[in-house]
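Asker: The lines below spell out each chain.
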Amino acid sequence: MDSDIIKLNKVNFYYGPTRALTDITMNFVKNKVTALIGPSGCGKSTLLRLLNRMNDLIDGTRVEGEILFEDKNIYASDVDSVEIRRKIGMVFQKPNPFPKTIYNNISYGPKLTGIGADNMDALVERSLRQAVLWDEVKDILNKSAMNLSGGQQQRLCIARALAMKPDVLLMDEPTSALDPISTAKIEELIEELKKDYTIIIVTHNMQQAARISDETAFFYIGNLVEYNKTEKIFTNPDVKQTEDYITGRFG
Amino acid sequence: MQLIKNNSMTWRYFKQGLFFTCVRASALVITLALGGIIFYILYNGLSVINWDFITKPPTDAMTKGGIMPAILGTIYLTLGAIAIGLPLGIASAIYLTEYAKEGRVVRFIKVGINCLAGVPSVVFGLFGLGFFVIFLKFGSSILAGSLTLGFLILPTIIGASEEALKSVPQTFREASLSLGVSKWQTIFRIVLPNALPGILTGSILGIGRAAGETAPIMFTAAAFFTAKLPSSMFDEVMALPYHIYVLATAGTNIEATRPIQYGTVLVLVAVVLGIDLIAIVIRGYMRKNKRW
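Taken in sequence, the protein lines are chains A and B. Oh and the first sequence: position 78 is 78 in my numbering, straight run, nothing missing. Take any residue in the second sequence, note its place counting from 1, add 1000, and you have its number in my numbering.
Quick caveat, the hints were computed from the structure, so don't treat them as lab data. You may find that some hints are simply not true.
Stretches of chain B that chain A covers, calculated by requiring three or more beta carbons in the stretch to come under 8 Å of a beta carbon on chain A [said to hold, decoys possible]:
hint, segment
1, 1121-1131
2, 1170-1182
Below are the PhoX-like pairs computed for lysine-lysine, each with C-alpha atoms no more than 20 Å apart in a straight line [to be verified]:
hint, chain 1, residue 1, chain 2, residue 2
3, B, 1166, A, 87
4, B, 1166, A, 111
5, A, 7, A, 32
6, A, 30, A, 240
7, A, 7, A, 143
8, B, 1183, A, 100
9, A, 111, A, 143
10, A, 143, A, 87
11, B, 1166, B, 1101
Just so it is clear, CB atoms sit at the ideal spot from N, CA and C, and this is done for glycine as well.
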């Protein structure tokens, strides 16, 4: 049985006077991979960053409507954005490890938020194993993360997010800065992770969306055009615009 | 055809050569000026430098003996200025870059800081005299002098800190915040450590300036002569820049103390460079594993 972990109800989002998202109503299913696709500037990354309140960091933004996480509006005035981000982790487009050791990159979040403090070594190992990086770095945990390759850095960032034991993992084009081999590794990893996490991924790569996601949402100029099972979207979309985009006729 | 092409090439090489010569000459002039000053100070001052000069107090109405109290006084005042200017400056810069939203208030504060940077040092001295020495009743003391110098170097430290904080990639802040780490912890654990080498580099300039200033301390901290060493921060001290000023303009025997004057200048330069060196070493140490 599917259950919805995040529900959006008529969400509008503004950068100053500019409306970036228009009346978005959609639900994200627990323990599934949902891909957000669409041409540049369509609002998919904006939507992703709304889900863990990262857009709060930008001055002059405004949200209308409701975003419910486990049936609680994350934009309610009594909700602490810091708490939300502990439950909803994020991996960014460019790998962004801290200029610290590999170990300290992973332990940073748990240590400061008081998670798993009693057995940090185990938590670090567990997180790195989950991100399929452990075997590559187990002997260099005290070396700087900046010396790792781009693909390794991105898996480190995933491990760092996983160390917080989030419920949801948001990924903003996590492989766009990586070579095909690193990309393949991360895709395998996503396949593995969806057993335990709900994953929402923004991607510009159609094949990637088709390969790894269960659900796909197509956005165009701030509107949700079509949202359905990935097979359905990629084989028999209801809307002509979706078909045009997927087949490469525009975008 | 061939000839014209060659001519234009020659002209171009000539222009390039001329330009390089000018640039090299500029660099050379600066180096020569610096070298000249250092040579002049060394030539005139080196003869008086010995162990007694830097470890003994002045004797015979400051015409003989050493300058130890002045060296110590300058070190105290400089450390005091750092202790006051650095935390205050870094805190202000954190507010301006991390918390304050662009707007009228921030613009007003920034204009204020720029004005502060343009205030002549003697005005700081008079302010220190009026506020710290008289109004707050600190008297002429290390505390009053340090506070005055601290405020003097504040704009430099704020400016350097702002630049250093801004140069920390935004992605670090995002990464930290996305883990559910609070904004304050993000600043304290990620932003500040990565900005610290830059903050120190910029602050070196301010600190060096503080050590060499005469005007701000002559009303607030510096004594004409005191043989006893300070026992608390409410004591007056001798200070190198003021000592030079005194020997050169108001001493008991200006001509006879010429070598001592140059010796004191040499020591002051060495102390300033020493402070810079300490900061450079700290910066180098911090930078070692902070690369991105």
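Asker: So, for every hint listed, does it hold in this structure?
Answerer: Checked hints:
With 0 residues having a beta carbon nearer than 8 Å to a beta carbon of chain A, the segment 1121-1131 of chain B misses the requirement of three or more and the stated coverage is violated. Coverage of the segment 1170-1182 of chain B by chain A holds [criterion: at least 3 residues with CB-CB distance below 8 Å; count 12]. About 29 Å separates the Cα atoms of residue 1166(B) and residue 87(A), which puts this hinted pair outside 20 Å; it is violated. Our distance criterion of 20 Å between C-alpha atoms is broken by residue 1166(B) and residue 111(A), whose separation comes to about 26 Å.
In summary, the hint linking residue 7(A) to residue 32(A) is supported, as the alpha carbons are separated by about 14 Å, within the 20 Å threshold. A C-alpha spacing of about 29 Å is found between residue 30(A) and residue 240(A), which places the hinted pair above 20 Å, so the restraint is violated. Restraint check for residue 7(A) and residue 143(A): the C-alpha separation of about 41 Å exceeds 20 Å, so the hint is violated. Annotation: proposed proximity of residue 1183(B) to residue 100(A) holds, straight-line Cα distance about 19 Å (limit 20 Å).
Between residue 111(A) and residue 143(A), the direct Cα distance comes to roughly 19 Å. Compliance with the 20 Å bound is thereby established for this hinted pair. Simply put, residue 143(A) and residue 87(A) have alpha-carbon atoms about 29 Å apart, too far for the 20 Å limit, and the pair is violated. For the suggested pair residue 1166(B) and residue 1101(B), the alpha carbons sit about 14 Å apart, so the restraint of at most 20 Å is met.
Consistency with the previously given hints fails for numbers 1, 3, 4, 6, 7 and 10, ordered from lowest to highest.
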